[in-house]
Amino acid sequence: MATRVVALEEPNPRSPQSSLTAVIQSMRGRSPWTYLSWLVLTGLSALLIIRQMRESFPLPLAILLAWLIGISTVVWGELNHRHTKTTSWLKANLFSSTANALLSLFVCFVLLSLVRVVWDYAVVRATFDPDLTAPEARPEGVGAAWGVLIGASKLLLTGTLEMEFLPRVWTAFGIVTGLGVLTLAVHWANRLGRKTLPRSWLNGLWLVSPLPIYILLAGIPRRDPFVSLPAILAGTALFIGVYFALDTLRIIQFRIRTMLLWACVWPILYLVWGFLGWTGWFTPINVDHWGGLLLTLVIAVFSIIVSFPLGVGLAFGRRSTARGIPLWLPLPIAIVLAVWALLTSTPQVLTSARNGTEKILAFWPLLIPLAAWLFQRFFKGNVISGACTIYIEIVRGVPLITVLFMAIIIVPLFFQEGAQIKNTWAVLAGFSLFNAAYLAEVVRGGLQAIPLGQYEAADALGLNSFQKIRFILLPQALQIVIPALVGLFVGVFKSSSLVGIVGLFDLMGIAASVTGNPKWQGLRTELYIIAAVVYFLGSYAMTSYSWRLERRLANAKR
Amino acid sequence: MPEGASHPVDDIIVCRDVHKWYGDFEALRGIDLNVKIGEVIVILGPSGSGKSTLIRCLNRLEEHQRGSIIVDGIELTNDIRNIHDVRSEIGMVFQSFNLFPHLTVLDNITLAPVNVRRWSQERATEIAMKWLNRVGIPEQAEKYPGQLSGGQQQRVAIARALAMQPKIMLFDEPTSALDPEMIKEVLDVMRDLARSNYTIMAITHEMSFAREVADRIIFIADGQIVEQSHPAEFFTNPREERTRLFLSQIL
Chain A
424 MATRVVALEE PNPRSPQSSL TAVIQSMRGR SPWTYLSWLV LTGLSALLII
474 RQMRESFPLP LAILLAWLIG ISTVVWGELN HRHTKTTSWL KANLFSSTAN
524 ALLSLFVCFV LLSLVRVVWD YAVVRATFDP DLTAPEARPE GVGAAWGVLI
574 GASKLLLTGT LEMEFLPRVW TAFGIVTGLG VLTLAVHWAN RLGRKTLPRS
624 WLNGLWLVSP LPIYILLAGI PRRDPFVSLP AILAGTALFI GVYFALDTLR
674 IIQFRIRTML LWACVWPILY LVWGFLGWTG WFTPINVDHW GGLLLTLVIA
724 VFSIIVSFPL GVGLAFGRRS TARGIPLWLP LPIAIVLAVW ALLTSTPQVL
774 TSARNGTEKI LAFWPLLIPL AAWLFQRFFK GNVISGACTI YIEIVRGVPL
824 ITVLFMAIII VPLFFQEGAQ IKNTWAVLAG FSLFNAAYLA EVVRGGLQAI
874 PLGQYEAADA LGLNSFQKIR FILLPQALQI VIPALVGLFV GVFKSSSLVG
924 IVGLFDLMGI AASVTGNPKW QGLRTELYII AAVVYFLGSY AMTSYSWRLE
974 RRLANAKR
Chain B
325 MPEGASHPVD DIIVCRDVHK WYGDFEALRG IDLNVKIGEV IVILGPSGSG
375 KSTLIRCLNR LEEHQRGSII VDGIELTNDI RNIHDVRSEI GMVFQSFNLF
425 PHLTVLDNIT LAPVNVRRWS QERATEIAMK WLNRVGIPEQ AEKYPGQLSG
475 GQQQRVAIAR ALAMQPKIML FDEPTSALDP EMIKEVLDVM RDLARSNYTI
525 MAITHEMSFA REVADRIIFI ADGQIVEQSH PAEFFTNPRE ERTRLFLSQI
575 L
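First to last, the sequence lines map onto chains A and B. First residue of the first sequence? That's 424 in our numbering, and the numbers climb one at a time after it. First residue of the second sequence? That's 325 in our numbering, and the numbers climb one at a time after it.
Quick caveat, the hints were computed from the structure, so don't treat them as lab data. All C-beta atoms, glycine included, are put in the ideal place defined by N, C-alpha and C. Honestly, I wouldn't trust all of these hints.
Unchecked claim - Sample of chain A residues facing chain B (criterion: CB under 7 Å; computed from the structure):
hint, residue
1, L884
2, F894
3, Q899
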C-alpha cells in the first residue's frame with residue numbers, strides 16, 4: 424500500500440501553484456486507504472513517542488525536533504522553489520510524501536526503542552565479571568553476563584586443544600597476521616609511489632606460508648635421523664618427469680633456471696621435514712581436538728584454498744574438447760569385464776540368493792556395458808569432460824550434510840584397521856571436494872562469458888594451454904565471477920558450522936556446548952551474539968574486499 | 325613429411341587437396357595452393373564460400389580433415405608441437421580485433437614475445453614500441469583496448485601479430501568491423517607491410533586495396549578455388565562465369 428501512496432503523490436516542484444495552499448490542497452481528494460494509512464502511521468508513531476518519552480525525556484524530544492526541523496526546511500524550500508544540497512537529499516530520501524514523512528518518524532522511533540533495549544541489556548545492566556556467570560552467582564535483574572567470554576575464551580578460540588599447544592597456535596596466527604600487515608603496508612607504500620618489496624616476493628611468501636602453518640598446527644611425527652637417498656632421487660625424478668611430460672605436451676614450459684629451482688624443491692622440503700621430525704620440536708597434535716574459532720577458520724581457509732584449484736581444474740575439464748576415444752575401444756573392454764564378473768560373481772550370489780530380487784541383482788555385471796555405452800553416447804568418448812561432468816553433477820546433487828556423514832563413516836571403511844583417518848581430515852576433504860564442484864560451475868560460467876575470439880587470439884599467438892589459461896582466460900573469467908565467487912566463499916565460511924553434526928566443535932558447536940557447563944549455564948544470548956558478530960565480521964571482510972577488487976578492476980578498464 | 329621434401333624451397337605455404345567438413349557441410353572441397361615467400365595474396369569470394377575457413381586452417385584454428393597443409397616446411401597434423409611452431413610463425417589479424425581487454429596495449433603486444441619467444445621483457449617492450457611507432461600510435465601504449473577507437477584497436481592487433489616477427493601474416497577481413505573513416509588508417513598500415521616483403525594472405529572487401537597491392541588474387545566460391553590471377557587481369561578480364569557474376573555484384 425505504501426508504494427501506491429508514493430506514486431499518487433508524485434511531487435511537482437516546478438509547478439507554479441506550488442504554495443502552501445497548493446500543498447494542502449494536494450492532500451485532499453485521496454482514496455480512503457491513503458487517509459487510513461496516514462492515520463495508522465500517526466497513531467503508531469504517537470504511541471511509540473509517548474512510551475519513549477516516559478522512559479526518558481531528552482532523546483525522543485531531540486529526534487522529534489530534528490524531524491520537525493527537517494520537514495519544515497523541506498516545505499520552506501518547496502515553497503520558495505529553492506533547495507540546498509541537504510534539503511533536496513532530505514526531500515528525496517525522508518520526506519518525499521506525507522506518508523513517507525510519517526514513515527520516517529515511525530522508523531526513527533522503532534530504531535530508538537530497539538537501540539535502547541539492546542543498550543540496556545548489553546551495557547547498562549550487563550556485568551563483565553568472569554566470576555558472576557553461573558546462574559546462582561548472577562545478580563538479580565542483571566543483563567548480559569559478558570564474563571563468559573573471558574572465562575570461556577580458551578574454549579571459544581581453540582576448543583579442546585591441549586593447553587601446551589597454544590603457543591604454536593598463536594605463532595601460526597602471528598604468521599598470518601604478520602603477512603597480512605606486510606601486504607597492506609606494501610600496497611599502501613606502492614600507492615604512495617615508494618619502491619618496497621616486489622609483488623612477486625609477497626606472493627611467494629603467501630604461497631609458502633601454508634607449510635609452516637601446517638607444521639605448527641598439526642606437527643610432524645618424530646622419526647629417526649635417517650636420510651634416504653632413493654627417496655630424494657625418486658621425488659626429484661618425479662618432479663622432472665612431470666615437467667618433461669608437461670613440456671612435451673606444450674602445456675607448460677619453464678625456463679631452465681626456473682626448472683632447476685623447481686627440481687630443488689623436493690630435496691629441500693624432504694631434508695627440512697626430516698630434520699624437524701628428528702628434532703621433535705613439533706609434536707603431532709591430535710587434529711580432532713581442534714575446535715572453536717580455530718576450527719572454523721581452518722575449515723574455511725583450507726577448503727577455499729584447496730577447492731579453488733580443484734574447481735578451476737574441473738571447470739576446464741568439463742569444457743574440454745579433447746578428441747574422444749572411439750566407441751570400439753571401451754565397449755569390448757566393458758563386455759569382457761562384464762563376462763568375467765558374470766562368471767565369477769554371479770554364480771556365488773545366485774546360490775546364496777534368498778529371494779527373486781536378489782537373484783535379479785546377481786546379474787549386475789550387465790550394467791557395465793550399458794554404462795560404457797551411455798558414457799559414449801553422452802560425452803562422445805571424451806573421458807576428461809565426462810568424468811568432470813559426472814563428478815560435478817553428483818556432488819551438486821548431494822547435500823553437504825550427506826557428504827560430511829559419508830566422509831566420516833564411509834571413507835574410513837576403505838582404510839585398513841589401525842591406519843584410520845582422523846575425522847577432521849575427512850571433514851576437510853569432504854568440504855573441499857564439495858565446494859570444488861560448486862566453484863567449478865561458477866568458474867565455468869565465467870569461462871563461457873569470454874568471447875570465442877579471445878581463445879582464438881591466444882591460440883593464434885602460439886600461447887600454450889597453460890599460458891592461455893594463466894594470462895588470458897582465468898583473469899577474465901575470475902573478474903566476471905567475482906560476485907558469485909565471493910558469495911560461495913562466504914557460504915563456505917558460514918556452512919563450516921555444519922561440522923557440529925559429525926562431532927567436531929567449531930565456534931558454533933563450542934558456543935552451544937559452553938552453555939551446558941554449570942559455570943555458564945543459560946548464557947545462550949551472549950554466546951550466540953558473539954558467534955554472530957564473528958561470522959558477520961568474517962563475511963563482511965570478504966564482501967568488502969570483493970567490492971574493492973571489483974572497483975579496482977573496473978577502473979583499470981576505463 | 326614426404327610432401328614437404330618435394331616442394332620448392334621458396335613456397336612457404338603448400339596446400340594439397342585440402343578438405344574440411346562442418347558436420348555434413350563441406351566447407352573446403354579440395355584446395356590446392358602454393359604461396360611464395362614475400363607474396364601478397366588477396367582472397368575474394370562471396371560470403372560463406374570458405375575463404376575464412378581456408379586461412380583459419382593455415383594456423384590450425386580450424387582442423388582440415390583431408391589433404392595436407394605444409395607451412396614453412398612443417399606439416400600441420402594433430403601433433404601439438406607442430407601446431408605451436410607453426411602458430412608462432414604466423415601472425416593473424418581478426419575482423420573483431422580480439423585484443424585482450426584486461427591487459428594494456430603494451431602488455432597485449434609483449435605477452436606472446438615474452439612467453440612464447442622467451443625474449444626478455446626489455447627486448448619485447450623495445451620491439452613492441454617499434455611496431456606501435458610503425459602503426460602510428462606509440463602514445464597509446466599504457467591504455468587499455470577499451471579506451472581506443474576501432475581503427476586504433478585494429479592497428480594494435482596488427483602490431484601484436486607483428487611483434488612475434490612472424491614469417492606470414494593472415495588478415496581475416498580486418499576492416500569489416502570498422503567505421504568508414506577508420507578503414508583508411510588500417511589499410512595504410514597493411515599497404516606499408518605489403519611493400520616491405522611480408523608474406524601476406526588477406527581476405528578483404530576493399531577492392532581498391534586488392535587491385536593496388538596484391539601480387540595474386542584468389543577467388544573462392546563454394547569451397548573451391550575458382551580462379552587465380554594477377555589483379556590487373558582478374559578485374560578487367562575474368563575467365564570464369566562465376567567470377568564475372570561476383571564482380572558484377574560488388575563493383
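For each hint, the structure was consulted:
no.: 1; hint: L884; result: holds (4 Å)
no.: 2; hint: F894; result: holds (6 Å)
no.: 3; hint: Q899; result: holds (6 Å)
When held up to the earlier numbered hints, the structure conflicts with none and fits them all.
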